[in-house]
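Protein chains in written order, with this note's numbering: chain C, -9 to 186; chain D, 868 to 966.
No wet-lab data here; the hints were simulated from the structure.
Hints may be right or wrong, so weigh each one.
Once the Cα atoms are required to be at most 16 Å apart in a straight line, the calculated EDC-like pairs of lysine to aspartate or glutamate come out as [stated by the list, open to error]: (1) D:K902 / C:E59; (2) D:K890 / C:E59; (3) D:K940 / D:D914; (4) D:K893 / C:D56; (5) D:K957 / D:D892; (6) D:K893 / C:E59.
The structure displayed is predicted, hence computed values, not measured ones.
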Amino acid sequence: MVTGISKVFRGGLAMVAATLIALGATFGSTGAAEAQQGVQREYIGESYIPTIWVDPDGCEHWVMDDGWEGYMTPHVTRQGIPVCRRGNACAVMNSDQLFPTNSYQISANGRAMLQQFFQSARATSYIIAGHTDSRASDDYNMRLSVNRANAVAAVAQASGARIADVRGYGERMPRASNGSAMGMAQNRRVEIICIR
Amino acid sequence: MTLLKGAALIAIAAGLAGCVDNKDDKTVDRGIDSKHLSELKAGVWIDPTGCDHWIIDDGAEGYLSQRLDKYGKPVCSGAAPPNTAIGPYKSGSVIGDPI
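Please model the entire structure based on the sequences and the hints provided.
If you want it as structure tokens, here you go:
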């Protein structure tokens, strides 16, 4: 019985597909053949070309209005990274100014600097992201960076700031080459994203 | 009678929204609140998890899109409790909601 239904259903689907293909053939403009990467591919579709809306953070979204409905979705790369016209990191703290090597204990100077920052930034909330250079193992760097980010977040909370998220990216998101001492110093950092 | 009224309302709404025929250019809004879609005004809607989305009530059309940080992760600002919309999301169009 179940297989019977399924066969009828499949038959129906095949008929619909055949009709659609026939329609596509009749109205050449909607059912076009496209040469992509050397492969001919048949499709039945309608042209939906979006424009770009830029959100208050400066990041792009695809947007369309087809007359009745509106559609919107973030513009991201194939890696899932948003395409933005300006960065939303409002501070990048040099880890060397906050912590001794291999430590996540904030120095007195570093603490004072952070307190001053969080008292003046006045954002709705903050995302704290720790980063390291590529020395030592990936595993060690992941732990060190999240510990350092947590230490910064603790100072932020003590200063009355709201923390949206705390993360450690270890050595996986370098902003400079790890091939030089200067590049490595730039990679040792704690990023503070201000959410307005 | 009710049916007629309904039909008239839909016809008026269609006229207002400027959407009677097939609309080829999807990058603009037509009718009374006509504009390029880059001019939309957004607020923030906080989802049940507590994370932010850009929300736009643009007359006949509504838009919702995720707020992401530079790493592609959701932004959960805590600006308001979950299931709340804040900000000027209704300010971009003169056409109000009938209901």
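*Given the hint that K893 of chain D pairs with E59 of chain C, does the C-alpha gap stay at or below 16 Å?*
holds, 10 Å
_Holds or violated: K957 of chain D to D892 of chain D, with C-alpha atoms at most 16 Å apart_ = violated, 23 Å
*16 Å Cα cutoff - pair K893 of chain D, D56 of chain C*: Cα-Cα ~5 Å, so holds.
*Assess, step by step, whether the Cα of K890 of chain D is no farther than 16 Å from the Cα of E59 of chain C, and give holds or violated.*
holds, 11 Å
*K940 of chain D and D914 of chain D: Cα distance at most 16 Å?*
Given that 16 Å is the threshold and the Cα spacing comes to 15 Å, the pair holds.
_Can you confirm whether the C-alpha distance between K902 of chain D and E59 of chain C stays at or below 16 Å?_
Given that 16 Å is the threshold and the Cα spacing comes to 15 Å, the pair holds.
Comparing the model with each earlier hint shows a violation of hint 5 alone; every other hint is respected.
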